[in-house]
Amino acid sequence: TQLLEQSPQFLSIQEGENLTVYCNSSSVFSSLQWYRQEPGEGPVLLVTVVTGGEVKKLKRLTFQFGDARKDSSLHITAAQPGDTGLYLCARSGTYKYIFGTGTRLKVLA
Amino acid sequence: NAGVTQTPKFQVLKTGQSMTLQCAQDMNHNSMYWYRQDPGMGLRLIYYSASEGTTDKGEVPNGYNVSRLNKREFSLRLESAAPSQTSVYFCASSGQAAGEQYFGPGTRLTVT
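Chains as they are written, first to last, in the numbering used here: chain A, 1 to 109; chain B, 110 to 221.
Treat the hints with care, since some could be wrong.
Unchecked claim - List time: in silico DSSO-like cross-link candidates among lysine-lysine, alpha-carbon distance up to 30 Å:
#: 1; chain 1: A; residue 1: LYS56; chain 2: A; residue 2: LYS96
#: 2; chain 1: B; residue 1: LYS180; chain 2: A; residue 2: LYS96
#: 3; chain 1: A; residue 1: LYS70; chain 2: A; residue 2: LYS59
#: 4; chain 1: A; residue 1: LYS106; chain 2: A; residue 2: LYS59
#: 5; chain 1: B; residue 1: LYS180; chain 2: B; residue 2: LYS166
#: 6; chain 1: A; residue 1: LYS70; chain 2: B; residue 2: LYS166
#: 7; chain 1: A; residue 1: LYS96; chain 2: B; residue 2: LYS166
#: 8; chain 1: A; residue 1: LYS57; chain 2: A; residue 2: LYS70
#: 9; chain 1: B; residue 1: LYS123; chain 2: B; residue 2: LYS166
#: 10; chain 1: A; residue 1: LYS56; chain 2: B; residue 2: LYS118
#: 11; chain 1: A; residue 1: LYS70; chain 2: A; residue 2: LYS106
#: 12; chain 1: B; residue 1: LYS118; chain 2: B; residue 2: LYS180
#: 13; chain 1: B; residue 1: LYS166; chain 2: B; residue 2: LYS118
#: 14; chain 1: A; residue 1: LYS106; chain 2: B; residue 2: LYS118
#: 15; chain 1: A; residue 1: LYS96; chain 2: A; residue 2: LYS57
Hints are computed from structural coordinates only; laboratory data are not their basis. These numbers were taken from a predicted model, which means no experiment stands behind them.
I would like the entire structure built from these sequences, with the hints used as guidance.
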């Protein structure tokens, strides 16, 4: 089973702090997606990265795809309580997806 | 916009009982998926349907069957529920291969 490794598993921070979460694999991705899941709901797509070295920004969230396309990171600047949730990375193949185990983030007011 | 809908939202079964989880999407997507989510295990693919009329096994298909009833609907059946099938089940759809997936709200299933 090729689960993607995400770290850290859990993160609890104060509002206003910065944080980075990571997604790693031993094999190359053709593309990688980041999702956020709130309690009691399904995951919602945040971004898809495709090109090695690619950086995408979504307001206070910055996503980076490693040059070798084996890893990715998500950086949140000035975290807010609304950022609380489970962050999942997923790699895609033809019709199939493999998800990481997730990073559970809690931002305290 | 409804997106992906799932029923029921919660279900408790006794070991050996059967049930069908229903999923429907109104986005005209070709591909549909069933996942289970367990603590520390992420989302694991049970079955998927790349297009109407086709279904394929995912990572953890044992104990489950699926039916792609039409383009909109994709159901998951547990013939004889086991405690190991206690989980949260998500249905998802996608408009293209390896494209963005849209998830339903999930079904929380407990098997006692």
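* Going back to the hint list, which numbers does this structure go against? -> Violated hint (a single one): 10; every other hint is consistent with the structure.
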